[in-house]
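There are 2 protein chains.
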Amino acid sequence: MKIAVFQMSAQGDHAARPDRIEAAMRDAAKGGAQLLIAPELALSGYGRGAAFDHLSQSADGEWATRLRKTARDTGISLIAGFPERDGDTHHISAMVIDAAIDAKPVIYRKACLYGDYEKAHFSSPGPSTIITDLGGLRVGLLICYDVEFPENARRLARAGVDLIAVPTALPDGASGAFVAAHVVRTRAFENQVHIAYCDHADSDETFTYQGCSSIVAPDGAVLAQAGGSGDALLFAQIDPSAYAAARIENPYLRDAAEVRLFD
Amino acid sequence: MKIAVFQMSAQGDHAARPDRIEAAMRDAAKGGAQLLIAPELALSGYGRGAAFDHLSQSADGEWATRLRKTARDTGISLIAGFPERDGDTHHISAMVIDAAIDAKPVIYRKACLYGDYEKAHFSSPGPSTIITDLGGLRVGLLICYDVEFPENARRLARAGVDLIAVPTALPDGASGAFVAAHVVRTRAFENQVHIAYCDHADSDETFTYQGCSSIVAPDGAVLAQAGGSGDALLFAQIDPSAYAAARIENPYLRDAAEVRLFD
Chain H
2 MKIAVFQMSA
12 QGDHAARPDR
22 IEAAMRDAAK
32 GGAQLLIAPE
42 LALSGYGRGA
52 AFDHLSQSAD
62 GEWATRLRKT
72 ARDTGISLIA
82 GFPERDGDTH
92 HISAMVIDAA
102 IDAKPVIYRK
112 ACLYGDYEKA
122 HFSSPGPSTI
132 ITDLGGLRVG
142 LLICYDVEFP
152 ENARRLARAG
162 VDLIAVPTAL
172 PDGASGAFVA
182 AHVVRTRAFE
192 NQVHIAYCDH
202 ADSDETFTYQ
212 GCSSIVAPDG
222 AVLAQAGGSG
232 DALLFAQIDP
242 SAYAAARIEN
252 PYLRDAAEVR
262 LFD
Chain C
2 MKIAVFQMSA
12 QGDHAARPDR
22 IEAAMRDAAK
32 GGAQLLIAPE
42 LALSGYGRGA
52 AFDHLSQSAD
62 GEWATRLRKT
72 ARDTGISLIA
82 GFPERDGDTH
92 HISAMVIDAA
102 IDAKPVIYRK
112 ACLYGDYEKA
122 HFSSPGPSTI
132 ITDLGGLRVG
142 LLICYDVEFP
152 ENARRLARAG
162 VDLIAVPTAL
172 PDGASGAFVA
182 AHVVRTRAFE
192 NQVHIAYCDH
202 ADSDETFTYQ
212 GCSSIVAPDG
222 AVLAQAGGSG
232 DALLFAQIDP
242 SAYAAARIEN
252 PYLRDAAEVR
262 LFD
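Protein chains in written order, with my numbering: chain H, 2 to 264; chain C, 2 to 264.
It should be emphasised that the hints constitute simulated quantities derived from the structure, not laboratory data.
Predicted, not measured: the structure shown is a model, and the values here were computed from it.
Wrong hints could be hidden among the right ones.
Said to hold, decoys possible - Chain H is faced by these chain C residues, among others (derived, beta-carbon under 8 Å):
(1) Pro151
(2) Phe190
(3) Asp256
Don't be surprised by glycine CBs; every beta carbon is placed ideally from N, CA and C.
Working from the sequences, and respecting the hints, build out all of it.
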């Protein structure tokens, strides 16, 4: 299955973001992709601060309704980050819209909130294992800081995912550069899974982002990589069977179970 | 504390290996190091195959006795890999000789054996947490393939180590190159600890090694790095207090505990 990652510049009018995501869905579908991934809090923008109180929507809100229609019209599935309202609680969430099924989106809620900013505006429900079957591919979800914890990626790998989709909002700076260059690739390699890491770029009113979105293979190879600035639409073919030799050479899950490392 | 990593070429007479390790202890001590780390199965050579049956020694065998004396004479502590005999069982082990204490070495036994070769000749006791205090530094031990599993490094980090010493025998090839370039640095970063990764280089009668030994800081920075070939003696100052800012920026252990990721 061909997938696309939509790195979004944080510049410009926040209100135009749903339009930009829909345009990317159409472009990705034209390019042969069956799934588009957008960044963390892609629908609102990441740096909105106190505005999240009124921006947050439910899993069957206006954004979801609109994007479900676009998915049906274009035939492309979507994973996109948004601020989710659940009663009085707000989560950093990602919605999964399967173009083949007209149903309320599957929702993943970020487990590991980073820093005072996220903890001030959002709640964590703790770790959860959300996996959806999209076009025959088992796709697991994490958001940003989640993937920096090996426990989160391992949990999904042990549950049998082929691909981990990671909407992110990685800040500019040395730590962010290290995560983009080393941590994401290591998560793929140590679990022998694909990872799609989809970031913002440039600056909004609050933060500057790393860019450098990527799609990484189970052997750690970078299949597609965006630059540090601007919108980018990355494509890669996800074919888990092509990495059978890598899994035989690096049988981490089997060997870990053999010495009871998971107990 | 200053430490040294002794990357050993696999070429030459295996019988000379204890002499080479002693010479490196003297050179490292002259260079101001208080601890020398040697590779996996450094005392015997890694590619010895069936010969391990008669090469293996106990923790108070000839190698340990001799190296304890050298540690006392030179004032430098030692971590070195050797094939360990324990009754009829053989382990891939590392001995820790504290120059300040005249006692039988502390022993760590490799948990995660790699491939048919290691599993044919050695047994795993399963995961264990071996930490020694050397000159005020809390030093944890893993061997080679162990460090490719995030669970092993995490266990030591949660037990409060400052440095993970990793004698290794990393094979040449794409996977080995990935481990040396990305996995080792990610283990340091995601746990905010130092890692000393000490490999063989060149070829013995059975294998070719990656070289590229390194000493890595808690922020993922490479403090010292060897080339792909030949003996090398790397030095680095290990000062955990210098990375207080990195630990505040990347509080992985605290944030993981907060959302019960370790439960």
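Worksheet entry | Proposed interface contact between C:Asp256 and chain H, which counts if any beta carbon pair is under 8 Å | holds, 6 Å
Discussion item. Would the hint on C:Phe190 be counted as holding, given a Cβ-Cβ threshold of 8 Å to chain H?
Written reply: Check passed: Cβ of C:Phe190 comes within 6 Å of chain H, closer than 8 Å.
Fill in: Supplied contact hint for C:Pro151, tested at 8 Å Cβ to chain H
holds, 3 Å
Violated hints: none; the structure is consistent with every hint.
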